[in-house]
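*Asks:* Work the whole structure out from these sequences, hints included.
Chains as they are written, first to last, in the numbering used here: chain L, 1 to 577; chain S, 1 to 390.
In short, the hints are calculated from the structure, not lab data. The beta carbon of each residue, even a glycine, is placed where N, CA and C say it ideally should be. Keep in mind that the hints are not guaranteed to be accurate.
[Said to hold, decoys possible] Computed list of lysine to aspartate or glutamate pairs in EDC-like fashion (alpha-carbon distance at most 16 Å, straight line):
{"hint": "1", "chain 1": "S", "residue 1": "Lys383", "chain 2": "S", "residue 2": "Glu321"}
{"hint": "2", "chain 1": "L", "residue 1": "Lys142", "chain 2": "L", "residue 2": "Glu205"}
{"hint": "3", "chain 1": "L", "residue 1": "Lys196", "chain 2": "S", "residue 2": "Glu46"}
{"hint": "4", "chain 1": "L", "residue 1": "Lys142", "chain 2": "L", "residue 2": "Glu92"}
{"hint": "5", "chain 1": "S", "residue 1": "Lys266", "chain 2": "L", "residue 2": "Glu40"}
{"hint": "6", "chain 1": "L", "residue 1": "Lys6", "chain 2": "S", "residue 2": "Glu321"}
{"hint": "7", "chain 1": "S", "residue 1": "Lys59", "chain 2": "S", "residue 2": "Glu46"}
{"hint": "8", "chain 1": "L", "residue 1": "Lys110", "chain 2": "L", "residue 2": "Glu92"}
{"hint": "9", "chain 1": "L", "residue 1": "Lys476", "chain 2": "L", "residue 2": "Asp377"}
{"hint": "10", "chain 1": "L", "residue 1": "Lys252", "chain 2": "L", "residue 2": "Glu475"}
{"hint": "11", "chain 1": "L", "residue 1": "Lys127", "chain 2": "L", "residue 2": "Glu92"}
{"hint": "12", "chain 1": "L", "residue 1": "Lys389", "chain 2": "L", "residue 2": "Asp377"}
{"hint": "13", "chain 1": "L", "residue 1": "Lys196", "chain 2": "S", "residue 2": "Asp50"}
{"hint": "14", "chain 1": "L", "residue 1": "Lys142", "chain 2": "L", "residue 2": "Glu53"}
{"hint": "15", "chain 1": "S", "residue 1": "Lys383", "chain 2": "S", "residue 2": "Asp322"}
{"hint": "16", "chain 1": "L", "residue 1": "Lys407", "chain 2": "L", "residue 2": "Glu384"}
{"hint": "17", "chain 1": "S", "residue 1": "Lys154", "chain 2": "S", "residue 2": "Asp197"}
{"hint": "18", "chain 1": "L", "residue 1": "Lys6", "chain 2": "S", "residue 2": "Asp322"}
{"hint": "19", "chain 1": "L", "residue 1": "Lys142", "chain 2": "L", "residue 2": "Glu88"}
{"hint": "20", "chain 1": "L", "residue 1": "Lys6", "chain 2": "S", "residue 2": "Asp197"}
{"hint": "21", "chain 1": "L", "residue 1": "Lys11", "chain 2": "S", "residue 2": "Asp197"}
[Said to hold, decoys possible] Here are some, though not all, of the chain S residues that point toward chain L, as calculated from beta-carbon distances under 8 Å:
{"hint": "22", "residue": "Ala317"}
{"hint": "23", "residue": "Ala337"}
{"hint": "24", "residue": "Ile341"}
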Amino acid sequence: MEGNNKIFHRKKILTIFLLCAGVFLGLFGRLIYLTVWRAEHYSTLATDLHERERSIKAARGRILDRNGTVLADNKTVCTVSVVHNQLENPDEVVEILSKELNLSPEYVRKRVEKYTSMERIKSNVEKTVGDRIREYDLAGVKVDEDYKRYYPYNELASKVLGFTGGDNQGIIGLEVVYEEYLEGKPGTILTVTDAKGVEVEAAGERRIEPVNGHDLCISLDMNIQSYATQLATQTMAAKEADSVSILVMNPKTGEMLACVNVPEFDLNQPYLLQDGAGQDCTEEEKQNLLNKMWRNGCINDTYEPGSTFKIITAAAGLEQGVITTDSHFSCPGFIIVDDRKIRCHKIAGHGSQDFTHCMMNSCNPALISVGLRLGIDNYYSYFEQFGLKDRTGIDLPGEAATIMHKKENMGNVELATVAFGQSFQITPIQLLTTAASIVNGGNRITPHFGICVCDSGGKVLEEFDYPVKTGIVSEKTSATMREILEMVVKEGSGKNGKVEGFRVGGKTATSQTLPRGSGKYISSFIGFAPADDPQVIALAIINNPKGVYYGGQVAAPVIRQLFENILPYMGIMSYNQ
Amino acid sequence: MAMQRTAVRRKRREQTEFFFDYSLLFIVLFLLGFGLVMIYSASSYEAFQDFQDASYYLKKQLIAMIIGLVLMIVVANIPYHFWERFAFLGYFVSMALVPLVLTPLGVESHGARRWIRIPGIGLNLQPAEVAKLGMILFLAVMVCKMGKNVRTMKGFFVMLLVPLPVVAEVYLITKNLSSAIIIMGISVLMVFVASPDYKKFIIIGAAGVAAVALLIFLIVSSGGGDGGFRSERILAWLDPEGHSQGKGFQTLQALYAIGSGGIFGKGLGQSMQKLSFLPEAQNDMIFSIICEELGLFGAIAVILMFIMLLWRMMVIANNAEDLFGAMLVVGVMGHIAIQAILNIAVVTNTIPNTGISLPFISYGGSSVMFLLIEIGLVLSVAKHIQLKEL
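*Replies:* Written out as structure tokens, the structure reads:
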């Protein structure tokens, strides 16, 4: 019996051993699964856990003008941050950082004492300041270099170029529209740390290099832009105007050569309000003031174009065949439309005149007659055909839409006022584009700045195409319009726009700002040259000039001076040569 | 030549007198040495941060280990029947020590009150460790005393009821589920060996598996909303990544370590997870650091050492001079096997997380001392094996 006992005991002990060995074998299998099949999954998760990221900003692409002049560049700046767990002397850090960075000690202390793995104290710190902080050699303080946008010409084309924010993202202007090309891809510095965020020294750093953004070449000409800015600034001062805008465009392609809106602002200090304004107002009021300062009036705001719009009425009349240059109109100084009496600006009237002279004199009753001869349906369809109802599609953000009567609400009185440029609103860029399309042979072009995207070596990566709608007026109508408008400058109301030795066409306008009777006017002049083959078209708008306010006397000389300088510069030969 | 022949002959004669299991001793010493290396690797970073002494844990473990080895040698040289008379005393001492953790003698650590301070020495003792040893001794004596009565139904139930008071004490007073499971497991294994029956145990095993499955099913279907602490552990076990900030945290960190170690490991001392990411890296979770640093091959080597250890103990138990010796060895074997299996299963997330240390390798003074005393008992049993019977 004792022997039997022994045998079953042995069997049972063997069973236990085999059972345990079997379980161990199962755990083998589990381990093989974890270390072979799941290794990649857990390694990735573990690496994510062990590494702390610090991002390296990518250099943003530059913005170059048509001649390769750099309008927006990058400069090296520093970002100062603290690593909470590496701080040894927080009080000293607070003191030095608040002193060097011009921040309040409370603000810095809050950031320093915040328990995060890495807290940014300030970005876009000047390199000299960053170097100085680095020299203190404070434990737990990190100074990383990155890039900041820098605009070499400060105020030049500020409302066109736009600026960037703290993370180098575009905020307004071209910087926003071409963000995807300019921004680049930020890199990362990966530091291996323990669970508390303290760096493991032996492990070193891993860098993922940033990819720099691409350069943007724009059609703007720095020289034309700066000359136009100079002219606008002088005019604004001389006429004590609220603002002056000058637009210069190539009428054949829609390339914008200049876009000036004075007062401009300093792109390197975009948050600085001019003349110390906004010092004692709330954040919201300050933001409103800033938004106003950043507004590009030529694109974001609409106005009543006034007599410059007669170009459109005349072109529609000629195209429809309701008038020719020989059509005669009689102006007694007013015209009666339905029950309304609409006055001409010359109270005595222009008398009998052919259509060319009507335009030269900018005669309201004659143009109202053209509008009435066209009728509401025709006029409205030309308005749409010329593209006036749509936005121009310029590559700047926030283009304002046309404010126009609904067709079903239009009567003859409304038609009459529209015919000479009142009772509706369009943007200056819309007026310029439409006028350019009429004189360039009838091709509705898209105004634009962006030409192409290049890499840093200047190799073109992508060229931009813009839509062109052909045949909005016939070549014949276009030629007639060029002749009429040349006559306006040669002998008519736009004679102050005449440039010695060049054939210039144009049209003046003096419009009242709304509400009427406020005594405020907008003087404008649209001019193009050479008149027989326009290569440049420009629009000057002077907002609320003091003293003389007629477009022919205020705005036309601005364009004259502009053309006197830029036509030779652009290599447009005078007909004398 | 003649000299050598006589030497061989003398050796053979000596061997017939007594047997010393050097392979068992070697395996234990290897595991202890390996454990020290791993404890240093896993704990030095934290030890330096907390105590400015990288070998803080290493030193404490080394001292406990030396005391343990001395005790082991002493126990190994005392005939094991000497302990028979202390069986009842051991049982009652175990019963008496556990409630002491609630007195001012109790020491709290990691939010659990499981230790008592021995006055004068300054050493902490875990009553659960005493209870394990006490239970092995008591059940071995019981089996011998009951003789053939073990085979009756009554004997079977008596044997299973004897450990329950201690198990209940450990579970309820020290909130130590894992020690309770281990004590119960040891008891069941010893009863299994003592009884010639299989059927009962298969039924018990099947019922246990079914109960666990039902429990898990209930917890999962109720979403763990009302089950509290324990059911959250079950949910974290099933989806550690979904509970990464709660109960699944430690397990997930262990899996990161095992997974990122891969097949060949990162190399000794190169663990990243020991840098405060993995809680208890030198203790319950040391196996995951072994996996991270030495890879699958290091882990398999450790498991093989444990299998060899169990094999040696099986050989000793099968050849023990009498039933008492065999039962003692079976108890120790069960203790080490259960603890090693549960530890590796927890670390690899094969079962829900519960605090169990890896025998001989994990940091923990009283654990290693009692394990070495148990090895001393096994060696003592081995010494009385008559080689001629082999």
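*Asks:* What hints, given by number in increasing order, does this structure fail?
*Replies:* As far as the earlier hints go, 9, 11 are violated by this structure, in ascending order.
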